[in-house]
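**Student:** Here is how the chains run, residue by residue.
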Amino acid sequence: MKATLEPITGRYVHFDILGESCRVYFEECGQGIPLLCLHTAGSDGRQFRHLLCDEDITSRFRVIAFDMPWHGKSYPPVGYEQRDYELTTERYVATIRAFIAALELDRPVVMGCSIGGRIVLQLAHAHGPEFRALIGLEGADHQQPWYDTSWLDRPDVHGGEVCAALVSGLVAPQSPAQYRHETLWQYKQSGPGIFRGDLYFYRVDSDLRGKLGGIDTETTPLYLLTGEYDFSCSPEDTLRTARGIPGAQAVVMKELGHFPMSENPAQFKQYITPVLHAIAQR
Amino acid sequence: MTESLQQRFESIAQRADADARLVHRGRHLTADLKVVVGDAPYLLRIRAGRVDGLQAHMPLFAPADLVIRATQEAWAALWEPTPRPGWHDLFALTKRGAMTIEGDSHLLFAHLQYLKDVLALPRQAPAH
Numbered sequence: 001m002k003a004t005l006e007p008i009t010g011r012y013v014h015f016d017i018l019g020e021s022c023r024v025y026f027e028e029c030g031q032g033i034p035l036l037c038l039h040t041a042g043s044d045g046r047q048f049r050h051l052l053c054d055e056d057i058t059s060r061f062r063v064i065a066f067d068m069p070w071h072g073k074s075y076p077p078v079g080y081e082q083r084d085y086e087l088t089t090e091r092y093v094a095t096i097r098a099f100i101a102a103l104e105l106d107r108p109v110v111m112g113c114s115i116g117g118r119i120v121l122q123l124a125h126a127h128g129p130e131f132r133a134l135i136g137l138e139g140a141d142h143q144q145p146w147y148d149t150s151w152l153d154r155p156d157v158h159g160g161e162v163c164a165a166l167v168s169g170l171v172a173p174q175s176p177a178q179y180r181h182e183t184l185w186q187y188k189q190s191g192p193g194i195f196r197g198d199l200y201f202y203r204v205d206s207d208l209r210g211k212l213g214g215i216d217t218e219t220t221p222l223y224l225l226t227g228e229y230d231f232s233c234s235p236e237d238t239l240r241t242a243r244g245i246p247g248a249q250a251v252v253m254k255e256l257g258h259f260p261m262s263e264n265p266a267q268f269k270q271y272i273t274p275v276l277h278a279i280a281q282r
Numbered sequence: 001m002t003e004s005l006q007q008r009f010e011s012i013a014q015r016a017d018a019d020a021r022l023v024h025r026g027r028h029l030t031a032d033l034k035v036v037v038g039d040a041p042y043l044l045r046i047r048a049g050r051v052d053g054l055q056a057h058m059p060l061f062a063p064a065d066l067v068i069r070a071t072q073e074a075w076a077a078l079w080e081p082t083p084r085p086g087w088h089d090l091f092a093l094t095k096r097g098a099m100t101i102e103g104d105s106h107l108l109f110a111h112l113q114y115l116k117d118v119l120a121l122p123r124q125a126p127a128h
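Each protein sequence line maps, in turn, to chains A and B. Quick note: the first sequence uses our numbering, first residue 1, plus one each step. Quick note: the second sequence uses our numbering, first residue 1, plus one each step.
In short, the hints are calculated from the structure, not lab data. Predicted model only: the values in this text are computed from it and were never measured. One or more hints might be untrue.
A few chain B positions that, by computed beta-carbon distances, are all more than 12 angstroms from chain A [claimed, not checked]: (1) Asp-17; (2) Phe-61; (3) Val-67; (4) Lys-116.
Using 30 angstroms as the maximum straight-line C-alpha spacing, the simulated DSSO-like pairs for lysine-lysine come out as follows [claimed, not checked]: (5) A:Lys-269 / B:Lys-34; (6) A:Lys-211 / B:Lys-116; (7) A:Lys-254 / B:Lys-116; (8) B:Lys-95 / A:Lys-254; (9) B:Lys-116 / A:Lys-188.
Listed below are several chain A residues computed to face chain B (Cβ distance under 7 angstroms; list not exhaustive) [stated by the list, open to error]: (10) Tyr-12; (11) Val-13; (12) Phe-15; (13) Gly-160; (14) Trp-185; (15) Phe-231.
Don't be surprised by glycine CBs; every beta carbon is placed ideally from N, CA and C.
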């Protein structure tokens, strides 16, 4: 029998977030500079499986991806059934910083996508010196809400089907079918109301326009990369954001959409490799 | 509307029925859609996932569960083999103002992927 064992290891870590005990699943691979990866809204750390298995990256970086509480293999906190899930800026920042403290990561690079691309801006603004560099994929300081998210969480519409169908248009048409459908599968598996709860952060609680002063890109370089097929966080949103942050570097990625690392890993590698190389050379 | 764009839209009926998996995925959907291509209205009748009829010149005030309206430019762009960014998806077109979708939103969201896939069928190579 032919079998292939991937080098990724997965573990659980227990720590408190805003006073609640959480059991958080994470995967990692590699050695060197810690590179912490943040998944998109309504998905989980599997989005980074290609990065985690890329020796060109793991030879220089300790790549780590965790499932936020309520996502993937991380349970919600005890008592979740008594409330709706809503991600706030405060909770998101607290989650990331608590995970970094729990694993005792020393000035990691943080790379987030979508909501993760938004939160790295807040990290740069409020906690910049804690990070070696920050990378926002499909990130901007604000996007105008353009549809009613209540359709994502109601008992008479299948949550997995509708979340996947909604984001399917954010995948570039050039992306390989296998990876397009892997990306969508993660949305089909998301818990009820979780995508919508993440979007509370994205649409309601994190308008960062005019609030990103004081970002020091000399100390903590900031890279913003957005796929040309992303009409949720459009290239224009990202470029506008970058123009407001001295020293921020923005790149529009061809033939990629909202999920570059999972929808077309080979295409994404062309864009992320020089960024990681520059970070490693510092 | 150019003849070719009209023909491409009308190919939806044949293409949908030839795709057993698509019909299966739409098996819980029975609906009448008014689809306006440029200024030409069509009645697209879906019965249990099959395209049961595609009628040009939809009568005035005929009822429809959804009304999907886009410019000729938008449909032509959506159906390019590799559509351009921002013209590649129903919601991308809606967000940019090149398409409107009105009517029974519950039906739309409950069957969203199926409806996206049916309306993108002319993107494929010619059916014959």
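**Student:** Taking the shortest Cβ-to-Cβ distance between B:Asp-17 and chain A, state whether it exceeds 12 angstroms.
**Tutor:** Correct as stated: the minimum Cβ-Cβ distance to chain A is 22 angstroms, above 12 angstroms.
**Student:** Next pair to validate is A:Lys-254 with B:Lys-116; report whether the Cα-Cα distance is within 30 angstroms.
**Tutor:** Measuring from Cα to Cα gives roughly 23 angstroms; hence the hint holds.
**Student:** Given A:Phe-15 was flagged as interface, is its beta-carbon under 7 angstroms from a beta-carbon of chain B?
**Tutor:** violated, 37 angstroms
**Student:** Let me know if the C-beta of A:Phe-231 comes in closer than 7 angstroms to any C-beta of chain B, holds or violated.
**Tutor:** holds, 4 angstroms
**Student:** For the pair we were handed, B:Lys-95 and A:Lys-254, check the Cα-Cα distance against 30 angstroms.
**Tutor:** holds, 21 angstroms
**Student:** Given A:Gly-160 was flagged as interface, is its beta-carbon under 7 angstroms from a beta-carbon of chain B?
**Tutor:** violated, 11 angstroms
**Student:** Given the proposed pairing of A:Lys-211 with B:Lys-116, does the C-alpha separation stay at or below 30 angstroms?
**Tutor:** With a Cα-Cα distance of about 38 angstroms, the restraint between A:Lys-211 and B:Lys-116 is violated, given a limit of 30 angstroms.
**Student:** Does B:Lys-116 really sit off the interface, with its C-beta more than 12 angstroms from all C-beta atoms of chain A?
**Tutor:** Contrary to the label, B:Lys-116 does not stay out of reach of chain A, its closest Cβ about 7 angstroms off (not over 12 angstroms).
**Student:** Hey, B:Lys-116 versus A:Lys-188, does the alpha-carbon distance stay inside 30 angstroms?
**Tutor:** Holds, at roughly 17 angstroms.
**Student:** Once the closest CB in chain A is found, is it more than 12 angstroms from B:Val-67?
**Tutor:** holds, 17 angstroms
**Student:** Does A:Lys-269 pair with B:Lys-34 here, judged by a C-alpha cut-off of 30 angstroms?
**Tutor:** violated, 43 angstroms
**Student:** Under 7 angstroms is the threshold here; is the Cβ of A:Trp-185 close enough to any Cβ of chain B for the hint to stand?
**Tutor:** With a minimum Cβ separation of about 13 angstroms from chain B (threshold 7 angstroms), the hint on A:Trp-185 is violated.
Of the hints listed earlier, those the structure fails to meet are numbers 4, 5, 6, 10, 11, 12, 13 and 14, in rising order.
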